[in-house]
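Engineer: The chain contents come next:
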Amino acid sequence: MSNNTSEEKGITMKRRELLKGLATVPIFGLFLVNLWKKIRRDALKKANLLSDLVQEKSAPTIISGLSDSRHLNIGIIGYGGRGSHLIRGAGFATKGWTDIVSENARNNKLDKQFKTFMTQENLNCSLVGVCDLFDVRANQGIDASKNEIRPGGKPKATATRYQHYTDLLENQDIDAVIVATPDHWHSRITIDAARAGKHVYCEKGLTRTFDEAIKVYDTVKNTGITFQLGHQNRQVEANYKAKQIIEQGLLGKINLVELATNRNSPWGAWVWGIHPEGNVKTIDWDTFQEPSPNKIPFGEEALKRFFRWRCWFDYGTGLSGDLLSHDFDAINQIMDLGIPKYASSTGGVYYYKDGRDVPDVWNATFEYPDKDLTVLYSATLSSNDPRGNRIMGHDATMQMGGQSGGGSVHGFVVKADPESTQYKERLESGIINQQYPIYTYSPGSKQIDGVTSATSRYFANKGLLYTYREGKRVDPTHLHVKDWLDSIRNNDQPKCNIEVALHEAVACHMATESYFQGRRIEWDPVNKKLI
Amino acid sequence: MSYLDSSIIKNPCQLYGLVILRVLIGWHFLYEGVSKIINPYWSSAAYLLDSKGPFSGLAKTIVSNPTLLSISDYVNMWGLAIVGASLMLGLLCRYTALTGMGFVILYYLFAPPFLGLEYSRPGEGSYIIVNKNLIEACALWVIHSFPSSHVIGLDRFLSNPKSN
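If you're matching them up, the sequences are chains W and X in order. Residues 1 to 531 in the working numbering are what the first sequence spells out, letter by letter. Residues 1 to 164 in the working numbering are what the second sequence spells out, letter by letter.
These aren't lab readings, by the way, just hints derived from the structure by calculation. Computed from a predicted structure; not experimentally measured. Check the hints yourself; a few may be wrong.
[Claimed, not checked] With beta-carbon atoms standing in for the labels, derived distance ranges:
no.: 1; chain 1: X; residue 1: GLU124; chain 2: W; residue 2: PRO418; range: 26 to 36 Å
no.: 2; chain 1: W; residue 1: SER265; chain 2: X; residue 2: GLY53; range: 39 to 49 Å
no.: 3; chain 1: W; residue 1: SER265; chain 2: X; residue 2: TYR127; range: 30 to 40 Å
no.: 4; chain 1: X; residue 1: LEU117; chain 2: W; residue 2: ASN108; range: 19 to 29 Å
no.: 5; chain 1: X; residue 1: TRP78; chain 2: W; residue 2: GLU7; range: 25 to 35 Å
no.: 6; chain 1: X; residue 1: GLU118; chain 2: W; residue 2: ASN107; range: 15 to 25 Å
[What the hints assert, rightly or not] Keeping only pairs whose Cα atoms sit at most 25 Å apart, straight-line, the calculated SDA-like set for lysine to any residue is:
no.: 7; chain 1: W; residue 1: LYS38; chain 2: W; residue 2: ARG426
no.: 8; chain 1: X; residue 1: LYS60; chain 2: W; residue 2: PRO26
no.: 9; chain 1: X; residue 1: LYS52; chain 2: X; residue 2: ILE38
no.: 10; chain 1: X; residue 1: LYS36; chain 2: W; residue 2: GLY29
no.: 11; chain 1: W; residue 1: LYS415; chain 2: X; residue 2: ILE38
no.: 12; chain 1: W; residue 1: LYS20; chain 2: X; residue 2: ILE38
no.: 13; chain 1: W; residue 1: LYS38; chain 2: X; residue 2: LYS36
no.: 14; chain 1: X; residue 1: LYS10; chain 2: W; residue 2: GLU300
no.: 15; chain 1: X; residue 1: LYS36; chain 2: W; residue 2: ASN104
no.: 16; chain 1: W; residue 1: LYS109; chain 2: X; residue 2: HIS144
no.: 17; chain 1: W; residue 1: LYS20; chain 2: X; residue 2: LYS36
no.: 18; chain 1: W; residue 1: LYS37; chain 2: X; residue 2: ASN39
no.: 19; chain 1: W; residue 1: LYS109; chain 2: X; residue 2: ILE38
no.: 20; chain 1: W; residue 1: LYS14; chain 2: X; residue 2: PHE157
no.: 21; chain 1: W; residue 1: LYS154; chain 2: W; residue 2: LYS37
For glycine and all other residues, C-beta sits at the position ideal for the given N, C-alpha and C.
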């Protein structure tokens, strides 16, 4: 009896030991059950949203190796700020630039500019001709052609300087030219180059006037050269993702698109430095202003106009060709809009009363009656509040860039509309929470950018400085130049070819003309005229 | 000093208080770890990039080096999960409480709420010098110094039953 009692006591003791040892295990179990529920709930949400769609879609893989097939000799006409960036995209940078960015990388480990340049693909081309009307810039171009610090090492050939672009075009060894002059020279150089059989990469905006755009289009079509317009957004991964989301109808019927430019610095308003070595001896002013409607003698005003040409309609089209063109081309890439039926615009020189004649606040409207769509563009050079671009559908809105741009550079978010038809049930059942985006695209979210300056951030938010391919940061300008060179080798059409270039040019010129004439401008697609 | 003495065992209120504190902190750590493990886009980079104060230089070094950043990510994800599971189940708690304390002290030092330091990421409260990380670090110190897992927890099976 007593044995039994002590045995029972022992069992009770052991059981108590066991219970005390395992007392918190049920709480651990409770945690696991809740975790499982949460994972299931999240998976269900994702399955009901867009992630499946988006995961399988990415920008085309960069095909390397194509560059090996044929060596190309290129020339640059206009080696200014943009021209030098394009030439870096082709794989050539000045010693001064590589010294500065390698030093920056040493001082700031987050600065990846040098690494991005050095790891870009060697495009198997040589820079053999440089033409610039400013001696300092021309010499920099020559220097870039010689610099051995580049992807691919020592260049195969170095560049010759040409005083006039026609001399450069006469060089039979040059296969292709990059035109990065001010806009008032684009059409003449492009047409002459095409007639000389050179392939052309032309910076945006395509031309200074509407008539010039039509002439460029006709010449490129007739000569059959490979033409690329400088909208590097065509290479940006975010735009591919956005296009696929829209093609799937996930935004529903889209009736309104809002595009915006927000800048608030003298640099952003094109008040750029006047080079200390710029003078009558180093600048060929007469050639510079040859195609412009109004001419002035060389002097202080001419120096301002030479270095800040974007501020005058004599040389460019202001916000229209400079910044709207980027946003328009991006939205045309995403939505295949083509040329609008009507355009109107208003604005004025409201902040920078520095003698410029291009507006610093400017708003344009584009109508697509056949698509039931209005595209609004609103620009200010005196506020940096980043509005971003919005594609507004009945079921959801896509916000690209701006404050709610996915929290990272050139990302976007898609938010369901509370009155959506497509998402009605999912909104009611709580699967879609209106407070949170149904999809967020944050490229390179595990990568770190050292992009700091306000202008850099502006472009980065629009995806123009960097894009991501398979998680690696690449410069879309490099991809765009590569796309052009590969297309030349394959006798193919590049991504921003003359057809889409015409869309951009006509849309922008319609808006500019409306500003000049103070009335709505209509596009006549049959006669290729503005009414 | 360091081991729970019999007076606390005889005082269930103190014992259960310690066990509950341990389990709750364990739950917090475990979910922090698991949520990072199951999120393919999580990285410690954002936190480190926002670092201010004495450890900001080290944070920048980690972020700029992909290998160090990967190590930092993995140590955080799995470290938090392991410490959390250990505290909940009461297994090897004296060591993991110290490890957990190390984690939160590092979080505190990489982003201390000192006067004059401002962070771009939104805060979850208002702090001067003392924040929830510092409090959790102290709570883990208590858990380390007054272990309860050899009374209630898997450590009971590893320790000498007579001492309990």
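Engineer: Are the Cα positions of W:LYS154 and W:LYS37 separated by 25 Å at most?
Structural biologist: 60 Å, violated
Engineer: Could you grab the alpha-carbon distance between X:LYS60 and W:PRO26 and see if it respects the 25 Å cut-off?
Structural biologist: 42 Å, violated
Engineer: Are the Cα atoms of W:LYS415 and X:ILE38 separated by 25 Å or less?
Structural biologist: 24 Å, holds
Engineer: Checking one constraint from the list: CA of X:LYS10 to CA of W:GLU300, max 25 Å. Satisfied?
Structural biologist: 93 Å, violated
Engineer: Does the alpha-carbon distance linking X:LYS36 and W:GLY29 stay inside the 25 Å limit?
Structural biologist: 20 Å, holds
Engineer: Holds or violated: are the alpha carbons of W:LYS20 and X:ILE38 at most 25 Å from each other?
Structural biologist: 32 Å, violated
Engineer: Is the gap between the beta carbons of X:LEU117 and W:ASN108 within 19 to 29 Å?
Structural biologist: Holds, at about 20 Å.
Engineer: With a cut-off of 25 Å on the C-alpha distance, tell me whether W:LYS38 and W:ARG426 pass.
Structural biologist: Status holds; Cα separation ~18 Å.
Engineer: Between W:LYS109 and X:HIS144, is the straight-line Cα distance small enough, at 25 Å or below?
Structural biologist: 39 Å, violated
Engineer: Starting from X:LYS52, check that the Cα of X:ILE38 is at most 25 Å away, please.
Structural biologist: Cα-Cα ~28 Å, so violated.
Engineer: Would you say the C-beta atoms of X:GLU124 and W:PRO418 sit inside 26 to 36 Å of each other?
Structural biologist: Roughly 28 Å apart at Cβ, these two residues keep to the hinted range, so it holds.
Engineer: Measure nothing beyond the straight line between the CA atoms of W:LYS37 and X:ASN39; if it is 25 Å or shorter, mark the hint as holding.
Structural biologist: 16 Å, holds
Hint compliance for this structure: hints 2, 5, 8, 9, 12, 14, 15, 16, 17, 19 and 21 are broken, all remaining hints hold.
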